[in-house]
Each structure stands twice: as structure tokens, then as C-alpha cells.
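Line by line, the protein sequences give chains F and B.
Going letter by letter, the first sequence gives residues 1 to 346 in this note's numbering.
Going letter by letter, the second sequence gives residues 347 to 702 in this note's numbering.
Treat each hint with caution, since some may be false.
To be verified - Facing chain F, a subset of chain B residues (Cβ under 7 Å, in silico): (1) Val371; (2) Asp391; (3) Asp415; (4) Ala419; (5) Ile423; (6) Gly461; (7) Leu476; (8) Val477; (9) Pro482; (10) Leu494; (11) Ala498; (12) Asp593; (13) Ser596.
To be verified - Simulated restraints on C-beta separations: (14) B:Arg701 / F:Ala52: 47 to 57 Å; (15) F:Glu21 / B:Pro538: 45 to 55 Å; (16) B:Asp678 / F:Val75: 51 to 61 Å; (17) B:Glu425 / F:Thr14: 46 to 56 Å; (18) F:Thr322 / B:Lys504: 32 to 42 Å.
Said to hold, decoys possible - Facing chain F, according to a computed beta carbon distance under 10 Å, are these residues of chain B, among others: (19) Thr367; (20) Val518; (21) Thr674.
Since the hints were made in silico from the structure, they are not lab data.
Just so you know, these numbers come straight off a predicted model, no measurement behind them.
We put the beta carbon where it would ideally sit given N, CA and C, even for glycine.
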Amino acid sequence: MNCNTFYNERVTDTPLTAPMEIAFDYTRSLGPVLGQFMTALRERRVLGARSADGTVHSPPFEYDPVTSLPPRELVAVGPAGTVLTWSWLAEPLPGQPLDRPFGWALIRLDGAETAMLHAVDAGSADAMRTGMRVRPRWAADRVGSIRDIACFEPCGKAPGVSETAELSESSEVPEVPEVPLAGADAAPVTMTVTPVRLRYQHTASPGESTYLRGLADGRLIGQRCPVCGKVYIPSRGTCPVDGVPADIAVELPDTGTVTTFSIVNVAYPGQQVTPPYVAAAVLLDGADIAFQHLILGCEPGEVRIGLRVRAVWRPRDEWDTTASAISHFTPTGEPDAPYETVARFL
Amino acid sequence: MTEVAVVGFAQSPCRVREDATTGGVEMLVPIFAEVYAATGLAKGDIGFWCSGSSDYLAGRAFSFVQAVDAIGAVPPIMESHVEMDGAWALYEAWVKIMSGEAEIALAYGFGKSSGAELRRVLALQLDPYLVAPLWPDAVSVAALQARLGIEAGLWTEKDMAEVAARCRSAAVGNPAAQVSGEVAIEDLLARPYVADPLRAHDCAPVGDGAAVVILASGARARELCDRPAWITSFWHRIESGSLGARDLLSVGLGRIGSPRGSPGPVDVAELHAPFTHQEILLRRALGLGPGDAGGPAEVCPSGGALCGNPMFAAGLARIGSAARAVMTGRADRALGHATSGPALQQNLVCVMEARR
Numbered sequence: 001m002n003c004n005t006f007y008n009e010r011v012t013d014t015p016l017t018a019p020m021e022i023a024f025d026y027t028r029s030l031g032p033v034l035g036q037f038m039t040a041l042r043e044r045r046v047l048g049a050r051s052a053d054g055t056v057h058s059p060p061f062e063y064d065p066v067t068s069l070p071p072r073e074l075v076a077v078g079p080a081g082t083v084l085t086w087s088w089l090a091e092p093l094p095g096q097p098l099d100r101p102f103g104w105a106l107i108r109l110d111g112a113e114t115a116m117l118h119a120v121d122a123g124s125a126d127a128m129r130t131g132m133r134v135r136p137r138w139a140a141d142r143v144g145s146i147r148d149i150a151c152f153e154p155c156g157k158a159p160g161v162s163e164t165a166e167l168s169e170s171s172e173v174p175e176v177p178e179v180p181l182a183g184a185d186a187a188p189v190t191m192t193v194t195p196v197r198l199r200y201q202h203t204a205s206p207g208e209s210t211y212l213r214g215l216a217d218g219r220l221i222g223q224r225c226p227v228c229g230k231v232y233i234p235s236r237g238t239c240p241v242d243g244v245p246a247d248i249a250v251e252l253p254d255t256g257t258v259t260t261f262s263i264v265n266v267a268y269p270g271q272q273v274t275p276p277y278v279a280a281a282v283l284l285d286g287a288d289i290a291f292q293h294l295i296l297g298c299e300p301g302e303v304r305i306g307l308r309v310r311a312v313w314r315p316r317d318e319w320d321t322t323a324s325a326i327s328h329f330t331p332t333g334e335p336d337a338p339y340e341t342v343a344r345f346l
Numbered sequence: 347m348t349e350v351a352v353v354g355f356a357q358s359p360c361r362v363r364e365d366a367t368t369g370g371v372e373m374l375v376p377i378f379a380e381v382y383a384a385t386g387l388a389k390g391d392i393g394f395w396c397s398g399s400s401d402y403l404a405g406r407a408f409s410f411v412q413a414v415d416a417i418g419a420v421p422p423i424m425e426s427h428v429e430m431d432g433a434w435a436l437y438e439a440w441v442k443i444m445s446g447e448a449e450i451a452l453a454y455g456f457g458k459s460s461g462a463e464l465r466r467v468l469a470l471q472l473d474p475y476l477v478a479p480l481w482p483d484a485v486s487v488a489a490l491q492a493r494l495g496i497e498a499g500l501w502t503e504k505d506m507a508e509v510a511a512r513c514r515s516a517a518v519g520n521p522a523a524q525v526s527g528e529v530a531i532e533d534l535l536a537r538p539y540v541a542d543p544l545r546a547h548d549c550a551p552v553g554d555g556a557a558v559v560i561l562a563s564g565a566r567a568r569e570l571c572d573r574p575a576w577i578t579s580f581w582h583r584i585e586s587g588s589l590g591a592r593d594l595l596s597v598g599l600g601r602i603g604s605p606r607g608s609p610g611p612v613d614v615a616e617l618h619a620p621f622t623h624q625e626i627l628l629r630r631a632l633g634l635g636p637g638d639a640g641g642p643a644e645v646c647p648s649g650g651a652l653c654g655n656p657m658f659a660a661g662l663a664r665i666g667s668a669a670r671a672v673m674t675g676r677a678d679r680a681l682g683h684a685t686s687g688p689a690l691q692q693n694l695v696c697v698m699e700a701r702r
């Protein structure tokens, strides 16, 4: 198939960038040790793991880092403890336990020999010091998570009192009285869900940027490799055969041939089209690589390898630098492309 | 025993790259060309490829596959990937040659740190049950280690500022450095904390970059390079993933040392210390000072990671920089170090030397 070239130009524009946010939940099973630990947190108790040599680790280990043995038993520790080292964060980041300046600390809970990393709500760095005594501030809604401890706070400060309260070593308040086990009949915690939300500034490659800008103009622009002459659309930036920038822009028509396809019968969250529908690899005329798109406008059973198709563009005022400028592909009604013309793309 | 040497090294300038994608190809294509030109190799000569990068940093799945386009992987190549710094990719490449499966291997690493919130992304390498849900940022975690050392009397904030000033001065003239220049200690110490006790100068800058190192076995190495950097030892150690169960100051003091003891005297040591206090900790651990078994060594003549820390490439660049010191005749023996994980959790050391 000959390349149907309308014009050539070197890519010179600056790349497109856009903010991108990725959000998903990790749902993890806890296993026997962490399951008990999280169940206890829900009940405002902290557990540690006693190893074969008697050392108590809190948070607990699942397998002893030295002997590889599981804990001999889980025992109550703290909940108050001592700060072993700390840092002070003047500008908290999203997702952290506090949204005002706070301390991070490694805290050795009473009765344990290892330390827990958590936040300390001390009001100012001046109130932090190694050796200070702290105790958990429990979250109002506890689900069986390390975040059931909202943060730690200096002992000597009445619970819920403002950050500026005077601290004194000698004024430790008594332990929080034993709380009735919140729903002692509640099922043990076996799973934990951790929401993840990350923000990126995503940059398209120069070739991808040219492709996307073309879509905003209702045009399809690929890139040709200067060494082997192959045409890629959307651009891959670099020719995967030669490892050199494929940076000669080539405009392609919006017609092509189906090289392979599948009929989607399964519904899934976020789906844009009601099943059944066809997702196909479309080889644009003049391109050396197929790209994936929807085939609509015919019965799914009519789609076949060699079917000639044309892009159906969205209304002109919806064109933008996004792949959705093309709604889908639809049959042209031409005779099928001969098998030999698509054979090497299968 | 197969002998293996570093015969080529190139790195991209560490910068905030607004023109580069997280797939790395824009940063990799030029340095592949540079290292081919320096060695006379072509892609078909490379028997094994291995890369280091991170999908979390890239914000997309299988981002390393896009980087393979920079190779030109047709016909098919033998290729692998580690979700770690490229220094660990180099280790895999070294094993591949040592086991006789390749004669020439190329390792590369790349990272576009500026596209992500690096301090938050790195929270996801922490314990996913007990620690990561709190989102402790990487700088705050390093600050916990820094204060431990201060309170143990191992270093002071002034010592840390002196490390920053020395590295920035050394980086003058290094085209790959992101920051460089002469700075006064008192000016640095007058600046505010980012995460007390760490100030901005105590932390590596956030930047984007890539690095590539080529290894070759015995006779091939001698053909490709006048003065190959022969690898005499190459090993890595991992500390517990539990920050509160590990002595953050004994990192290295005894355990980081070579399985056979000190790495021995070296002329140049390129240490991957993304925080100033970590350079001090590593110097002690590896015994690089005057009177120490490994010293006195010139430490980070490139300016080190404090002057350019492209994630997933900076450790490989340290080994490459140490190898370059041997290949250019600046050193007869050099040590490259790479780290990964929070507060020097993982450490890798590669010692190289020149031979007649």
C-alpha cells in the first residue's frame, strides 16, 4: 500500500501538557497478625508481637526478621510511648494525618522495643523533643486501620485541648480508661482499604502533540521514520525499529481497513458504549501500524478482517486535542481490502 | 571466572524537562547515541539490555515498554527491567555476563521526577499496611534519620551544610549537574527548614534525567576501551522494611561493609546520597576517611546526587561516574554506590579498577 502523503513538516511546536490525577483504592487482606492488630485498633488498643526471644515489636511483625518465626503471642502495649526521633513538617502534604504543621516521629510504645512511625500534633516544633511522652488520639470513626490512630499528642495535654496547651513532663494524665470493646460482637477486621490519589503533570511527546493538535483541526497526522520510512499513527516518538526520532509529519486520510477485532459483550464500570459492540484495530491508509478504535454503524457480526471503514468525527465544535475528536469508525461500503494488503499487519 | 568491565557511560543533563515524556525516550535516544559513538558499538552488538524505572513515578502502567522504543528493538532483543534504580539493572546485566549468557550488556535508567509529586509518590514504597496509609513523605522520613545522627553526635547541621557546599562546588563544570556553584555555609544555615532538621540544601533537587552504562566481558572489554574499569566486587544489601525496627544509624556501620570486609582503598568514591547527612553516614560505613581502610578517597567529584538526582538513574550515574574516573585515568580504583528505599534501606556497591 502506498503512503498517501499530503504534506511533510518537521515537528517544531512545544509539547502539550495537562494535569492528570490517578485515584484508586488498594484493598488488601490482612492475615492473622495484622488482622488482630487492626481489630484491636478499632477497639482503641495497640498490640505488639512478642518474638521467640521475648522482644516485643509494635507494630507487630508477621514473621520475625531474624528467626523467620511467627510471633509467639500478641500482647497489649502503650498506648502511650516515647519519641525516639522526630522531624517537623511546616507544610503538610495531601493525605497526611494533619493538615496543619506537625511532627513525624518514631514512637516506642510502652512495653515495646521497636518504634511506630506516626504523626504528633504538638502545635509547634518548639514543643517537640526526643524523649517526649506522647499518646494516641483516636479517630472518631474507627474501621481497623493504622489511621484509627488519628495522630499522637503530647502527654500532659488534656485530650481535645488546643495545641498551645503548656506541656510538662510531670503532668502526665492517667491512661485513657478502658473502653468497652466497641461492638465486642463485631466481626474481626480482615481487610484494609487504602485510597491512593496521585497528581501528575503529564507531557505528551512531540509526535503525540502534533497528532493531538491535528485532531483539533480535524486532521490525522502521523510520523514517518527517516531511516526505514515506516509511518506511525499515533506517533511513537521514536521508531521502534531504528531507535531514532520518527519526526517527519505525515497527514493521513481518515479511511482504513480493519486488521483484527473483538466483540465486547461484557459490561464494566466507566464503559462508554452499551455492549455488544466492536473494538477493532484499524490500519489507516498509508500507515504502517494499526490503532484501536470502535466500529459502529453495523451489526457486530458484520465486522470482519479487511472491512473498509471511515472515521466518524464528532461535531466540529467538539474537536479538541483529544482522541475523542473521532467518535468511532463505520463501514464505507467499499469492497473489502484484499487479504494480502493487511496480511503483514495481523 | 569471567572478568567484566565498564566500557562506556553517558548521562543526560539533570533538569526539569518540560519537553520530555515519562516514557523516557527523549532523554535516552541522545545518550544511547553518545555511548555508541564512544565505544564504536551498534545496537546489534548488545547481547542483553536491562532498564530501571518506575510506573508510579511515570503515572502510567508499563512505562518501561515505551522506553524500549529508544532501543529500536526490531529484530527482537533480550531485555529485562527492574522497578528500581538502573544500578540494579546493571547488577542484573553483570550477572548475565558472569553466567555466560552475554558478552556485552547495556543497562539504563530513567526518571521524570518533575511530572509527579515525588515526595508523595515515594510514600508508596513504604509498608502498605502500617505506614503508607499515613503518606509519610520522603523528605520527612530522611529527616528522622538526620536528627538521630545529630543527637547521637555523629554530625551537625553545619557538617551537613558543608557537604552541600562541597558538592555544589565540585559540580561546577559538570554539565549533567542541576545545581552547582560556590555557596557560604552561613547563608545555607540561615535558610528555613523544609522538614526540620533538613533544609533545601540538604535534599537533592527534583529533576529529570537518564543514564546508560555498557558492560563487556574480558577480551571484548579490551577491544572497546583503552582503560576498562574492571569490576572487582559488586554486591547489594537490604535492611528491614520496618523503619522503627531497624537502627537507622547502623545502616552500613558494620552491615553495609563488603561481605569480605572493607572495599579496600579507593581513589574516588561516587556515593548516592540524596540527603547531606547520608553522605556522612556512607563515608563512615564504607571507611573512606583518612586512616580508614578505604581512604582517603575523593568523594563525589561529580557533585553527586545532591547536585542532580534523577530518580531511577542517579544510582547508575554514580557507578558510571566512578567508572569514568577509572577510564579517564583520574583514578586507579573507584567505588560507585547506589541506594534505594527510605533512609538508605537498600545499598549497592560496585568497586572498579584499572589493569595493565
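Here's how the hints hold up against the structure:
1. Val371: 5 Å, holds
2. Asp391: Hint violated; Asp391 (chain B) Cβ to chain F Cβ min 13 Å, cut 7 Å.
3. Asp415: Since chain F brings a Cβ to about 4 Å from Asp415 (chain B), closer than 7 Å, the hint holds.
4. Ala419: 6 Å, holds
5. Ile423: Violated, because the Cβ-Cβ distance from Ile423 (chain B) to chain F comes to roughly 11 Å (cut-off 7 Å).
6. Gly461: This interface hint holds because 5 Å falls under the 7 Å limit.
7. Leu476: Constraint on Leu476 (chain B) satisfied, holds at 5 Å.
8. Val477: With a closest approach of 6 Å, the Val477 (chain B) hint holds.
9. Pro482: 6 Å, holds
10. Leu494: 5 Å, holds
11. Ala498: 10 Å, violated
12. Asp593: Violated - the Cβ of Asp593 (chain B) stays beyond 7 Å from chain F, reaching only about 10 Å at its closest.
13. Ser596: 14 Å, violated
14. B:Arg701 / F:Ala52: 47 to 57 Å: Holds: the Cβ-Cβ distance is about 49 Å, inside 47 to 57 Å.
15. F:Glu21 / B:Pro538: 45 to 55 Å: About 29 Å separates the Cβ atoms of Glu21 (chain F) and Pro538 (chain B), which means 45 to 55 Å is violated.
16. B:Asp678 / F:Val75: 51 to 61 Å: Holds, at about 56 Å.
17. B:Glu425 / F:Thr14: 46 to 56 Å: Roughly 32 Å apart at Cβ, these two residues miss the hinted range, so it is violated.
18. F:Thr322 / B:Lys504: 32 to 42 Å: 53 Å, violated
19. Thr367: This interface hint holds because 5 Å falls under the 10 Å limit.
20. Val518: Interface hint status for Val518 (chain B): violated (30 Å vs cutoff 10 Å).
21. Thr674: The hint is violated - Thr674 (chain B) has no Cβ within 10 Å of chain F, the shortest such distance being about 27 Å.
In summary, the structure is inconsistent with hints 2, 5, 11, 12, 13, 15, 17, 18, 20, 21 from the numbered list given earlier, while agreeing with the others.
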